[in-house]
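Please arrange chain E on chain R, whose structure you already have, making use of the hints.
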Amino acid sequence: MIQMIHVHKTYPSQIAALTDISLEIFPGQFAFVAGPSGSGKTTLLHILFCSERPTSGQVIVNGTDITQKGFNKVHQLRRTIGMVFQDFKLLRDRTVGENVAFALEVTGYPPAEVQRRVLEILKWVGLLGRERDSVLTLSAGEKQRVAIARAMVNNPSLILADEPTGNLDDQMANDVMKLFMALHRQGTTVIFATQNSDLIQRYPFPVIQLVRGKRVDEEAGIGIKA
Amino acid sequence: MKPSLQYVLVRAIRNMRRNLFPNITTVGVITISVLIFSAFSLIAYNLASFLRIWEDKIEVIAYLKKKTPAGEIETLLDKIRQMEGVESVNYVSPSDAIAFMEAKLGDQKNLLEGIHSAVLPPSLEVQLKKEYRDSTKIGGVVSQLKQFPQMEEIQYGQEWVDLFSSLVHILRLTQWVLGGLLLLAMVFIISNTLQLAISSRREEIEIMQLVGASPSFIQVPFYLEGMIQGLVGAGLALSFLFLLQKIVLFYLPSSMKDWLVKIPILFLPINTLVGILLGGMILGFLGSYMASVRFLKSSQ
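For the protein sequence lines, the chains are R and E, in the order given. Just so it is clear: in the first sequence, position 160 is 160 by the numbering used here, and no numbers are missing. In the numbering used here, each residue carries its 1-based index in the second sequence increased by 226.
It should be emphasised that the hints constitute simulated quantities derived from the structure, not laboratory data. This one's a predicted model, so the numbers in the text were calculated from it and none came from an experiment.
Simulated DEER-style distance windows between Cβ atoms:
no., chain 1, residue 1, chain 2, residue 2, range
1, E, 519, R, 212, 36 to 42 Å
2, R, 111, E, 269, 50 to 56 Å
3, R, 13, E, 469, 57 to 63 Å
4, R, 87, E, 240, 23 to 29 Å
5, E, 469, R, 93, 38 to 44 Å
6, R, 205, E, 519, 38 to 44 Å
7, R, 13, E, 269, 55 to 61 Å
8, E, 468, R, 13, 57 to 63 Å
9, R, 187, E, 239, 38 to 44 Å
10, E, 508, R, 73, 27 to 33 Å
11, E, 520, R, 58, 30 to 36 Å
12, E, 520, R, 87, 25 to 31 Å
13, E, 473, R, 73, 54 to 60 Å
Positions of the beta carbon are idealized from the N, C-alpha and C atoms, including for glycine.
Okay, chain R solo, but in the shape it has when bound:
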């Protein structure tokens, strides 16, 4: 369960990135966060991922109030969240397999388990056999699939995707979207930020519509009226 209650985020330059955002997303739900550039989509995802702190309001992620004073288990929370970015954020000097394995190694999985899980997830994203290839040799769509594999390899219960199709052509975007749909079918909660209205219209999921940091979609049905 994801909850944001009257969340405000103002940057030191007094720019209001989010204003009075409240929402509730249930386990296994797929939700779009939509809006033009600068509308606060990324800030909202970063707050859920604990890489930004809200100026005020309460945020609960997977049962943990991440806004409570003294919360310092960010790394443990992040192990239950997979994050996918528009620019992939892959290690360019590593292979496909090493990039995916990295997420398991840093959390202390034994090498045999790492190997098993990496091959399993690469098969799932359609990159089995490419594990020894450098990520530099991959197309943008393939890179995004590696990033999704890395985000998924820990079996997170929540996936936060920040415009993951923003750098892809339509065909690649569709392939990547199929992976997110598969995740949703498996019961993973997916919060998908995008400014692609065509993509949103193609899928019957609720939309959190942001404009200049404010929600403008009360009829979307997933907001809480606090």
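Then chain E, alone, in the frame of chain R:
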């Protein structure tokens, strides 16, 4: 689940190999700093050991008035033997003194021809207990000896001992002041080089944070890196110092070598060596701690 120590160690070594140049620079600077510090330690240690040997040999020579009656000497010896700090007293008559000088001069004893033993004063060789063989305590014994009316003059080489003691103190002080500055510089340099190394791995650290690596998992390899740099730098410095000492002793002029035969030239004792190595590691750790805390604070 926690990553194994082996994994963390492998990562630290791999990181060092990937950033070879900054690592070599840091180790080089540490080596030079520790070398200067330990060279001062070595000189001070040898001078202090020389001073100890010298102090061990120190004895007080008390010259008696020539007209001291023979009957008083035995009583005087007894009184001195009972004084605090005195280990033994030996009476040297004028004829003993001439015999001693002849023995010392060997083939050149004819230089003493015509000198009658009566010109020499009788004397007492006062050997002090070990704990009384420093300049302050000798002074105490000497002032007690001066109270005896039979005493003409007392000698014990005080000026030399004092001068030498001051020299050792100055060296020790220089070692710690200069050493302290060098060590501060070392922490600063390690911290900056490691910060460069950490910055060059900004992307990797960011991804580690994204996938849920704990702060200690990210920081520990950097601490290890700093400690390895400190240990290697200190180890190299001590090796160079050892070689340097050997080379200097080898190339000493032979006249100086003859003089040094009686003085043992020592290398630093094992506990100092271990202390310097551990000190290098601790400074390496401090440098990397400062660097990683600064970096991770800004990147979390």
